[in-house]
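Sequences and hints are given; from them, build the entire structure.
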Amino acid sequence: MIGIIDVGVGNIQSVKNWLDRCIVNWEIIDNYKKLKNYSLIILPGVGSAKLFSDNLKKYGLFEELKKANERGQRILGICLGTQIFMDYLEEDGGIEGLGFINGKALKLNLKESNTCWLPFSFNKNNLSKDWLKKSETTSRKTKLSGRVFYNHNYGITSIDNNVFNQKIELDSLSSFSSIIHKKNIVGFQFHPEKSQELGEILFKMIL
Amino acid sequence: MILFKNGYCYQSYGWNLLRPLGKLQNIVSHLDKYLIDDITIIRPIRDNENDSTLLSDLNEIKKLKSSTPISFGGGIRNINQLHLISGLPVERFVFSSALFNKESSLLRAATDLFGRQAIVGLIPFKLEAQVSVFNSQINKFVSVDKLNNIELCDEVILYDCESEGSPNGFHKDVVNKLKINPKNCVFSGGVSDLVNSFINNNKAPKALAVENSILHREFSKSNYYEKL
Amino acid sequence: MKNCKFCLYDSSHPFGMAYSGEKCLGCITHKEKYNLNWVEKYSYLQEEVKIAKKKNKTYDCIVPVTGDAEDYFVIQEVLRLEMNPLVVSVNSYFYNDIGWTNLHNLITHFDLDSWVYNPEKQTYQELIRTSIRKYNHMYLPWLQLHTSFPVHVANEKSIPLIVWGGNQAVEQVGKFSHKDSVEMSSWSRIEHDLFGKDIESLIGNGAQVNERKLNYYHYPDDLKKLSKKVKGLYLSNYLPWDPLKQNHSMVLKHGFKPEANPYSFDPYERAGSSVYYQIHDLLKFERLGYRKITDHCTREIRHGRLTRTEAVKIESNFINNKINVNPFFKWLNVTQTGIDWFIKHRLNKSTHLISDSEINYKTPYFPNKLKLVLSEASKPKKQFINYGKGV
Numbered sequence: 001m002i003g004i005i006d007v008g009v010g011n012i013q014s015v016k017n018w019l020d021r022c023i024v025n026w027e028i029i030d031n032y033k034k035l036k037n038y039s040l041i042i043l044p045g046v047g048s049a050k051l052f053s054d055n056l057k058k059y060g061l062f063e064e065l066k067k068a069n070e071r072g073q074r075i076l077g078i079c080l081g082t083q084i085f086m087d088y089l090e091e092d093g094g095i096e097g098l099g100f101i102n103g104k105a106l107k108l109n110l111k112e113s114n115t116c117w118l119p120f121s122f123n124k125n126n127l128s129k130d131w132l133k134k135s136e137t138t139s140r141k142t143k144l145s146g147r148v149f150y151n152h153n154y155g156i157t158s159i160d161n162n163v164f165n166q167k168i169e170l171d172s173l174s175s176f177s178s179i180i181h182k183k184n185i186v187g188f189q190f191h192p193e194k195s196q197e198l199g200e201i202l203f204k205m206i207l
Numbered sequence: 001m002i003l004f005k006n007g008y009c010y011q012s013y014g015w016n017l018l019r020p021l022g023k024l025q026n027i028v029s030h031l032d033k034y035l036i037d038d039i040t041i042i043r044p045i046r047d048n049e050n051d052s053t054l055l056s057d058l059n060e061i062k063k064l065k066s067s068t069p070i071s072f073g074g075g076i077r078n079i080n081q082l083h084l085i086s087g088l089p090v091e092r093f094v095f096s097s098a099l100f101n102k103e104s105s106l107l108r109a110a111t112d113l114f115g116r117q118a119i120v121g122l123i124p125f126k127l128e129a130q131v132s133v134f135n136s137q138i139n140k141f142v143s144v145d146k147l148n149n150i151e152l153c154d155e156v157i158l159y160d161c162e163s164e165g166s167p168n169g170f171h172k173d174v175v176n177k178l179k180i181n182p183k184n185c186v187f188s189g190g191v192s193d194l195v196n197s198f199i200n201n202n203k204a205p206k207a208l209a210v211e212n213s214i215l216h217r218e219f220s221k222s223n224y225y226e227k228l
Numbered sequence: 001m002k003n004c005k006f007c008l009y010d011s012s013h014p015f016g017m018a019y020s021g022e023k024c025l026g027c028i029t030h031k032e033k034y035n036l037n038w039v040e041k042y043s044y045l046q047e048e049v050k051i052a053k054k055k056n057k058t059y060d061c062i063v064p065v066t067g068d069a070e071d072y073f074v075i076q077e078v079l080r081l082e083m084n085p086l087v088v089s090v091n092s093y094f095y096n097d098i099g100w101t102n103l104h105n106l107i108t109h110f111d112l113d114s115w116v117y118n119p120e121k122q123t124y125q126e127l128i129r130t131s132i133r134k135y136n137h138m139y140l141p142w143l144q145l146h147t148s149f150p151v152h153v154a155n156e157k158s159i160p161l162i163v164w165g166g167n168q169a170v171e172q173v174g175k176f177s178h179k180d181s182v183e184m185s186s187w188s189r190i191e192h193d194l195f196g197k198d199i200e201s202l203i204g205n206g207a208q209v210n211e212r213k214l215n216y217y218h219y220p221d222d223l224k225k226l227s228k229k230v231k232g233l234y235l236s237n238y239l240p241w242d243p244l245k246q247n248h249s250m251v252l253k254h255g256f257k258p259e260a261n262p263y264s265f266d267p268y269e270r271a272g273s274s275v276y277y278q279i280h281d282l283l284k285f286e287r288l289g290y291r292k293i294t295d296h297c298t299r300e301i302r303h304g305r306l307t308r309t310e311a312v313k314i315e316s317n318f319i320n321n322k323i324n325v326n327p328f329f330k331w332l333n334v335t336q337t338g339i340d341w342f343i344k345h346r347l348n349k350s351t352h353l354i355s356d357s358e359i360n361y362k363t364p365y366f367p368n369k370l371k372l373v374l375s376e377a378s379k380p381k382k383q384f385i386n387y388g389k390g391v
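First to last, the protein sequences are chains R, W and U. Note that the first sequence covers residues 1 to 207 in my numbering. Note that the second sequence covers residues 1 to 228 in my numbering. Note that the third sequence covers residues 1 to 391 in my numbering.
These are computed hints drawn from the structure, not numbers from a lab. Cβ coordinates follow ideal geometry from the N, Cα and C atoms, glycine included. Keep in mind that the hints are not guaranteed to be accurate.
Listed next, with one range per pair, are the computed distances between beta-carbon atoms [stated by the list, open to error]:
id, chain 1, residue 1, chain 2, residue 2, range
1, W, P167, U, Y361, 48 to 54 Å
2, R, L170, W, P167, 27 to 33 Å
3, U, K344, W, P167, 43 to 49 Å
4, U, E211, R, S121, 49 to 55 Å
5, U, I51, R, S121, 32 to 38 Å
6, U, N136, R, L170, 50 to 56 Å
7, R, S121, W, Q81, 37 to 43 Å
8, W, N200, U, H104, 58 to 64 Å
9, W, D145, U, K179, 33 to 39 Å
One-sided and incomplete, this derived list gives chain R residues near chain W with beta-carbon spacing under 10 Å [as the list claims (entries may be wrong)]:
id, residue
10, G10
11, V15
12, W18
13, N151
14, S195
The calculated BS3-like cross-link candidates involving lysine-lysine, where the alpha carbons are at most 25 Å apart (straight line), are [what the hints assert, rightly or not]:
id, chain 1, residue 1, chain 2, residue 2
15, W, K172, R, K111
16, R, K134, R, K204
17, U, K197, W, K5
18, W, K23, U, K23
19, W, K33, U, K23
20, U, K2, W, K5
21, W, K172, R, K16
Here it is as structure tokens:
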């Protein structure tokens with residue numbers, strides 16, 4: 001069973017619709033103590049980093065997610081949900097992240113947000129054994145390419161050598177990551193739930 | 001761009017006639033299949049309306065299933081209404097009459113809730129001797145100097161009311177008159193044949209919002225990509 | 001509910017209706033016909049034909065037909081454009097003797113290549129039963145096939161054009177301007193031909209059918225590829241469309257056989273059907289509150305052959321004419337208990353239209369302008385003629 005974390009910040013409905021299109025079983029995690037029951041935890045996040053972080057703490061999820069990571073449970077982040085995996089988020093005056101990945105979420109070097117479709121390619125062989133051995137997918141696809149949708153003001157950077165770190169395919173943003181992955185953690189900066197058919201194929205590949 | 005009101009969609013050109021278009025989910029499902037980059041759903045609300053129209057329309061938006069980014073707006077005029085839109089399957093919110101408010105509390109509250117990247121301004125305009133811009137809350141075109149809070153918008157849609165429905169009538173001069181950087185703008189109203197003119201052009205906008213005439217033939221989006 | 005002061009439509013029309021003052025959008029858009037440069041519009045059609053002819057070495061276009069008078073007109077125009085058409089028809093299993101005569105005559109008189117698709121009858125009937133149960137609409141399964149099978153053939157054989165007749169969303173309610181030249185598309189099919197109800201809405205919790213038998217009920221999947229290969233055009237975008245006048249000319253010119261119609265003055269539209277003016281019209285009245293006669297009267301008001309007063313009078317002569325539903329339900333293998341249940345539980349507004357007896361054919365008074373375009377017509381000898389798997 002896949003669990004979606006809902007702390008009242010972000011577009012959960014789109015994520016639910018996305019999982020329905022992928023024809024997978026999911027439920028909203030309504031009790032933070034039951035996190036260990038899920039084969040995959042999805043952490044979507046959109047909006048203000050401070051509000052997101054505060055709500056994670058308010059619902060007891062901040063610490064429970066750390067425990068889930070220690071147990072080696074697979075956790076998938078989307079957008080702000082990926083940024084919170086870092087040690088530090090620059091937004092809203094500076095926020096402590098979950099620290100799953102050695103890195104930061106910093107302001108993009110753009111005047112406005114990065115809201116656009118950009119090219120994207122992915123090879124499943126870049127996923128770790130920790131992730132793949134728990135995989136439930138029946139998809140045999142290992143590579144894909146196409147385009148994905150970004151909508152963010154802050155981006156993820158990491159200097160951790162143990163991390164799979166794929167860059168955004170745009171020269172002005174090439175210091176920021178489109179995907180970040182370490183052991184049981186995968187984070188997308190873009191929105192797979194709004195990346196049309198590629199978003200569904202990608203999820204089925206990594207599920 | 002789609003107009004949506006009282007649970008039904010209307011053609012996004014020829015506003016005065018309010019030509020019916022069809023059911024929202026059917027339209028959105030097909031725009032998904034046509035791999036459109038973004039769907040902008042606007043409620044054409046004039047003056048002040050009673051809340052029951054808003055609630056029933058929001059219920060329809062809430063049920064919407066789409067794999068394409070959606071921008072939605074129209075009739076969100078006070079902070080109390082922001083909580084009504086927070087659970088919607090929508091990426092960005094479009095504000096129009098809020099750009100005429102003297103204070104910025106609505107847009108700031110929306111930024112806190114949804115993030116700055118989710119705030120889009122909509123400025124319908126006419127360009128005659130002078131530019132005038134449409135304030136939907138008073139249902140009138142007014143002078144440009146009544147505009148406020150544009151800097152709080154991540155992106156601005158400039159809608160040419162006189163050129164809507166035409167293939168190439170958009171008045172590109174408007175960005176100079178409004179002193180807005182075209183790179184933060186989406187041009188709409190008379191843009192469908194303008195793609196060529198914006199290739200390798202440093203005055204090109206961020207995007208073009210085509211009217212629902214994109215539904216007039218199968219997968220007509222490929223016509224635009226072929227030009228690019 | 002808003003009524004147009006000029007025609008007989010109101011805002012309940014299923015395509016949606018808009019008004020400017022007291023006039024509906026259908027009437028406003030109809031007026032465009034008198035101000036458009038039709039020579040220029042026809043030249044756009046000729047351009048499309050020129051492009052299509054370069055693409056395929058066999059057929060230039062597909063013409064989906066039922067054997068209706070409009071189909072005769074479309075074929076006439078397609079041949080005038082010197083195209084080589086493939087005629088494609090879906091057997092509805094609803095033809096009477098006039099219907100079969102007209103379909104055969106269409107193919108032989110014009111000497112055309114033709115394909116007739118005979119859907120598997122058991123599945124088809126199960127879908128019709130579900131369609132009636134769920135939506136009070138018996139025509140949906142055939143509409144799904146009629147608007148999809150020709151597209152599959154065009155796609156599979158790379159035939160670049162599909163030529164349809166009138167765009168009803170423009171002709172009836174002016175949903176689009178004539179200047180938009182709207183083409184056939186997957187969206188338009190669901191919105192206007194199927195009223196939002198594709199085959200998916202009939203299966204699952206509905207019809208118990210083998211999905212392997214539903215191929216042609218589904219529109220082709222890959223719309224991007226389809227759009228590069230096939231285009232669906234409506235002739236009414238390129239010609240000043242006047243169905244009654246056009247259809248009338250098909251009788252003498254091409255031997256079309258009109259059918260005496262107890263439910264309308266129009267003996268051409270869907271002549272030869274055992275259901276169109278009967279059970280289908282009954283259910284239309286049940287769902288929407290009006291019948292085909294209203295469409296015909298509105299059309300003729302706009303074309304100047306009836307005044308509104310005359311139209312109201314003519315409509316009243318036909319709108320309460322009774323229908324015998326038993327032959328249809330017998331064809332559908334529904335028992336008398338089932339028929340009684342249906343009448344009791346699914347009909348509210350239209351029970352007064354049900355009759356078991358023979359239908360009376362009246363000939364009310366028609367104004368001269370209308371009479372000039374009405375031909376002598378015959379009564380059918382037998383309804384629901386099934387030649388097994390057709391021809």
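Cross-check of the supplied hints:
The given range of 48 to 54 Å is respected by P167 (chain W) and Y361 (chain U), whose C-beta atoms sit roughly 52 Å from each other. For L170 (chain R) paired with P167 (chain W), a C-beta distance near 31 Å keeps the hint of 27 to 33 Å intact. The supplied range of 43 to 49 Å is broken by K344 (chain U) and P167 (chain W), whose beta-carbon atoms lie about 56 Å from each other. Between E211 (chain U) and S121 (chain R) the beta carbons are some 35 Å apart, a value that contradicts the proposed interval 49 to 55 Å.
Between I51 (chain U) and S121 (chain R) the C-beta distance comes to about 36 Å, which sits within the given range of 32 to 38 Å. Distance hint check for N136 (chain U) and L170 (chain R): the Cβ-Cβ separation is about 54 Å, which falls inside the suggested range of 50 to 56 Å. The given range of 37 to 43 Å is respected by S121 (chain R) and Q81 (chain W), whose C-beta atoms sit roughly 41 Å from each other. Between N200 (chain W) and H104 (chain U) the beta carbons are some 60 Å apart, a value that agrees with the proposed interval 58 to 64 Å.
Look at D145 (chain W) against K179 (chain U): about 37 Å separates their beta carbons, and that is inside 33 to 39 Å. For G10 (chain R), the interface hint holds, since its Cβ comes within 10 Å of a Cβ in chain W; the closest pair sits about 9 Å apart. Proximity of V15 (chain R) to chain W holds as hinted, the smallest CB-CB distance being about 9 Å (cut-off 10 Å). At a threshold of 10 Å, the smallest CB-CB gap from W18 (chain R) to chain W is about 7 Å, leaving the interface hint in force.
For the restraint placing N151 (chain R) at the interface with chain W, the shortest Cβ-Cβ distance is roughly 5 Å, inside the 10 Å limit, so the hint holds. Hint status for S195 (chain R) relative to chain W: holds, with the closest Cβ pair at about 7 Å, below 10 Å. Between the alpha carbons of K172 (chain W) and K111 (chain R) the distance comes to roughly 22 Å, so the proposed pair stays at or under 25 Å and holds. At most 25 Å may separate the alpha-carbon atoms for a hinted pair to count; K134 (chain R) and K204 (chain R) meet this at roughly 14 Å.
The hinted pair formed by K197 (chain U) and K5 (chain W) meets the criterion: a straight-line CA distance of about 22 Å does not exceed 25 Å. Distance check on the hinted pair: K23 (chain W) and K23 (chain U) sit about 24 Å apart at the alpha-carbon level, within 25 Å; holds. This hinted pair does not check out: K33 (chain W) and K23 (chain U) have alpha carbons roughly 36 Å apart, beyond 25 Å. Of the pairs offered as hints, the one joining K2 (chain U) and K5 (chain W) holds, with about 18 Å between alpha carbons and a cut-off of 25 Å not exceeded.
Restraint check for K172 (chain W) and K16 (chain R): the C-alpha separation of about 40 Å exceeds 25 Å, so the hint is violated.
Checked against the numbered hints given earlier, the structure breaks hints 3, 4, 19 and 21 and satisfies all the rest.
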